[in-house]
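Engineer: Sequence lines, in order, name chains A and B. Quick note on numbering: the first sequence equals residues 1 to 456 in this note's numbering. Quick note on numbering: the second sequence equals residues 1 to 501 in this note's numbering.
Cut-off 30 Å, straight-line C-alpha distance, at most; resulting in silico cross-link-like pairs (DSBU-like, lysine-lysine):
hint : chain 1 : residue 1 : chain 2 : residue 2
1    : B       : Lys469    : A       : Lys311
2    : A       : Lys28     : B       : Lys361
3    : B       : Lys39     : A       : Lys377
4    : A       : Lys311    : B       : Lys496
5    : B       : Lys201    : A       : Lys28
6    : B       : Lys399    : B       : Lys201
7    : B       : Lys215    : A       : Lys28
8    : B       : Lys98     : A       : Lys62
9    : B       : Lys327    : A       : Lys62
10   : A       : Lys398    : B       : Lys327
11   : B       : Lys399    : A       : Lys28
12   : A       : Lys399    : B       : Lys327
Residues on chain A that point at chain B, a partial pick, calculated with CB under 7 Å:
hint : residue
13   : Phe40
14   : Gly76
15   : Thr97
16   : Ala309
In short, the hints are calculated from the structure, not lab data. Just so we're clear, the structure is a prediction, and the values are computed from it rather than from any experiment. By construction, the Cβ of each residue, glycine as well, lies at the ideal position given by its N, Cα and C atoms.
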Amino acid sequence: MYTPHTDEDIRRMLARIGAGSLDDLYGKAVPADVLTRAPFENVPAAHDVVSLLVHMRELAGKNVASCSKRCFTGGGAYRHLVHPAVDQMLTRSEFLTAYTPYQAEVSQGTLQAIFEFQTIVAGLMGTEVANASMYDGASSAAEGALMARRVTRRSRVLVSEALHPEYAQVIRTYMSGLAAPGVSELSVIPYRRAKGDTDPDALGDRLGADVAAVVVGYPNVFGVVEDIRALARAAHEAGAMLVTATAEPVALGILESPTALGADIATAEGQPLGLPVSFGGPGVGLFGCRMADARHMPGRLVGQTVDTAGKTGYVLTLAMREQHIRRERATSNICTNQGLCALAVTVHLSLLGPEGLREQAVLSAQRCHEAAERVGKVAGFELAFGAPFFNEVVVRSKKVPVVDLLDRLVDRGLMAGPALGRWYPDMADAFVLATTELTREADVDMLVRALGEVSR
Amino acid sequence: MSDRNADGVVRHVSFDEPVVFERGAPGRRGVRIVPRGTKLADPARWFGEGMLRQEPPVLPEVSEAEAVRHFVRLSGWNFSIDQGFYPLGSCTMKYNPKVNEAAARLDGFAELHPMSPTQGIQGALELMWRLERALSDICGFDAFTLQPSAGAQGELTALMMIRAHHVAGGNPRSKVLVPDTAHGTNPASAALNGYRAVAVKSSEQGTLRAEDVAKVMDEEVAAVMITNPNTLGLFEREIRDVARVVHEKGGLVFGDGANLNALMGRVRPGEIGVDVMQLNLHKSFSTPHGGGGPGCGPVGCVARLAPYLPVPRVVRDDAGSFRLEDKMPATIGRVRSFYGNFGVMVRAYAYILAVGREGLKDVSGLAVLNANYLAALIDGLFFRPYDATCMHEFVLTDKNLKKDTGVQTMDVAKRLLDLGFHPPTVYFPLVVHGALMIEPTETETPDTIEAFAEALRRIVAEAGEDPAKLFDAPRSTRLGRLDDTLAARTPVLTWKPGGGR
Chain A
1 MYTPHTDEDI
11 RRMLARIGAG
21 SLDDLYGKAV
31 PADVLTRAPF
41 ENVPAAHDVV
51 SLLVHMRELA
61 GKNVASCSKR
71 CFTGGGAYRH
81 LVHPAVDQML
91 TRSEFLTAYT
101 PYQAEVSQGT
111 LQAIFEFQTI
121 VAGLMGTEVA
131 NASMYDGASS
141 AAEGALMARR
151 VTRRSRVLVS
161 EALHPEYAQV
171 IRTYMSGLAA
181 PGVSELSVIP
191 YRRAKGDTDP
201 DALGDRLGAD
211 VAAVVVGYPN
221 VFGVVEDIRA
231 LARAAHEAGA
241 MLVTATAEPV
251 ALGILESPTA
261 LGADIATAEG
271 QPLGLPVSFG
281 GPGVGLFGCR
291 MADARHMPGR
301 LVGQTVDTAG
311 KTGYVLTLAM
321 REQHIRRERA
331 TSNICTNQGL
341 CALAVTVHLS
351 LLGPEGLREQ
361 AVLSAQRCHE
371 AAERVGKVAG
381 FELAFGAPFF
391 NEVVVRSKKV
401 PVVDLLDRLV
411 DRGLMAGPAL
421 GRWYPDMADA
431 FVLATTELTR
441 EADVDMLVRA
451 LGEVSR
Chain B
1 MSDRNADGVV
11 RHVSFDEPVV
21 FERGAPGRRG
31 VRIVPRGTKL
41 ADPARWFGEG
51 MLRQEPPVLP
61 EVSEAEAVRH
71 FVRLSGWNFS
81 IDQGFYPLGS
91 CTMKYNPKVN
101 EAAARLDGFA
111 ELHPMSPTQG
121 IQGALELMWR
131 LERALSDICG
141 FDAFTLQPSA
151 GAQGELTALM
161 MIRAHHVAGG
171 NPRSKVLVPD
181 TAHGTNPASA
191 ALNGYRAVAV
201 KSSEQGTLRA
211 EDVAKVMDEE
221 VAAVMITNPN
231 TLGLFEREIR
241 DVARVVHEKG
251 GLVFGDGANL
261 NALMGRVRPG
271 EIGVDVMQLN
281 LHKSFSTPHG
291 GGGPGCGPVG
301 CVARLAPYLP
311 VPRVVRDDAG
321 SFRLEDKMPA
331 TIGRVRSFYG
341 NFGVMVRAYA
351 YILAVGREGL
361 KDVSGLAVLN
371 ANYLAALIDG
381 LFFRPYDATC
391 MHEFVLTDKN
401 LKKDTGVQTM
411 DVAKRLLDLG
421 FHPPTVYFPL
431 VVHGALMIEP
441 TETETPDTIE
451 AFAEALRRIV
461 AEAGEDPAKL
471 FDAPRSTRLG
481 RLDDTLAART
491 PVLTWKPGGG
501 R
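Full structure from sequences and hints, please.
Structural biologist: So, in structure tokens, the structure goes:
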């Protein structure tokens, strides 16, 4: 129980108010005919703290934690280092149990940390400005597409087939209410079957005067590093904006920033930068763009200012874009975002620094290239694509059905996937292998051995 | 109750601390990650020349100790619910139980990969299924999704479902009715669905009248959006009649569940005409706000709207095993990747276990008790535009104070900081000029509420005797009032080497 009232407290307080009982007081606030008689059978009975923990451990024990296996699972969530110092900062009550920083004088900790976060995100993505965070990578990408529609005053959004399919689905959902029923303002640009990257010719064919945005993964869902420069050039020639969506931002430790390659809006999922996979959430959406477009940007922004004595401080700013001021004319309805997760990214990248991030990126890619080379030589397996990849690679299983294969790997102490058949019917024989700096050489040895045994 | 100087003003300990980029030195490291014996490859082996990063990103170069000291110092500049009373109306700053934090950090939850095979995620799906069932029971609904990441995304989801329902009926309709007491997210969410928000004025009693709704209700209205209790802390007494008026014309009733904490165990929205509603697990179900998220905004609905819920849905097979189902033909689709903010769901579920079905009525009853007790203690001190018995929160204004002393709501708010309290929500709801919206929550003791009432008394006295104390407030915080105009006029949104504007 988390209420402190003793019976005596309640008696004394009711007397002061002039009510006979809690039910009597409540009855003054609501009409009698709305009170429920439900028995609340599907709400568990109250648990003491020990039973509660036992029950939670039992449920947790029915899951197979990625740390209990050699984990090669990717597909939009990545198991990277989460330094203990990160979580210890997050559990500081002053960060954990504060609200959105409305009263700036007593929220400077959160505000300055967000200002640092915006700086880090902008630097990583090469954008002039970044916001205080979005919900996740997928909704970030969707908000990027909507923002491009506002900036260009055009309606159509082209989505690469090789963009993470869940991101594409979210973009579709976010756009569904903005066109007449039965009309879709979203088109899919196919990927090249041999290379695994967005087909530039198909893109050229679909671009036109109605296109607001082209959304591509960088790297894409196959781990392939797209030629952003060429895609951006094509989009710009048609007057459209290029929106990148990065599900694995560790890649930006070595790969050129999306903006340097021509992206107009850069979005990403920040989970790999200091957060556990946590069954897919909470992560944190990263969002950056040009300063000139900032007034079209969704989400909160922290800006630097001074106090009455001229000391530097921080406040929420440019709020006239936001829902609580502009209401129906707001750029987005987002208010609560992923504040604490943004702090995690800030602490994590402070600990890593530019050199640590570079090493993490190289190691993540290096293990994947080692694994790919060796797995490609195991009988019954081949690599699906020929284009450059970062830390994720698509493998085809020619002998064993993929779902069986992934289950059998678990029995051997390994995890991999996802099976790509869940998203691409023509890839029923394909699955993903992902590596990070947590992948050890011995893990790759074990994977190669297990694949050989399973497919024999 | 707090550390005060001779003038009775609290003392805040704090250190000056620059942005993290101004700490450290080039080449300094916080963590080493390359295993001994591993030689790093040259990435040029894998990527063509133009693909590699020319400039390393600007990141801090600090030791672990420097980083930790930096963030601990920053944390010291925050006010948090763990430190003191935080009566932010409609935001529900109740205590965040620590056992929930421990539960969310169990390896089986925190380290669970969302792309794991189905047999390896049975515990997570069971937790989600149980949480959905408990929320359905608490709200009187038939189905729930846990996918939306926060209340505003839940709202958006609910409106998409409403739209899908009308599209299936042949006309998506073009308007939604939004009372003038609504949260700003309501009209914004409506616009994101292509709906025009039509404002409905609330009555002199501060609530929505069915007859006023009837005047603007027609076959182009997709839904009415009702926050109940509303943002004045008043229960919408005509909710059943409003629902009837809306339903008769084929419209739906959306409930904004931001204030569900006042209803739990006593009133079920699904029983009084609400068709679909979003919750805020970080409000009613005590998960920490984290300085602005992560939240979780589940959406519950009546059976006829369930086909439109986002996918994937959690399904329990006859054999008792769980799986994710994404083949729902009428679904609106997904609103985010994976399954939602799972870590927040774990905390909310743990909270429900601790409170239990027996405790739900205490949560709402004691929230209402605390609010009315505070209102009684400061009766007459401020102008109170709607003087009825309130629910979990109530609204005061600076009307009389301003007339008599020139002191305004913002001055009261800032002076409260000097006296060791977080201010209430200010200047909201918009229908009340100079509003102070106060929500004590049920986790506060009567002693705390009495101390807060005393602080408000003192402020009103100071406003008469020495208003400069209020105009200059806060004086105990590290920084004085901040210049919002400067921040907006010449925005500095990122740090640049050398700093400055």
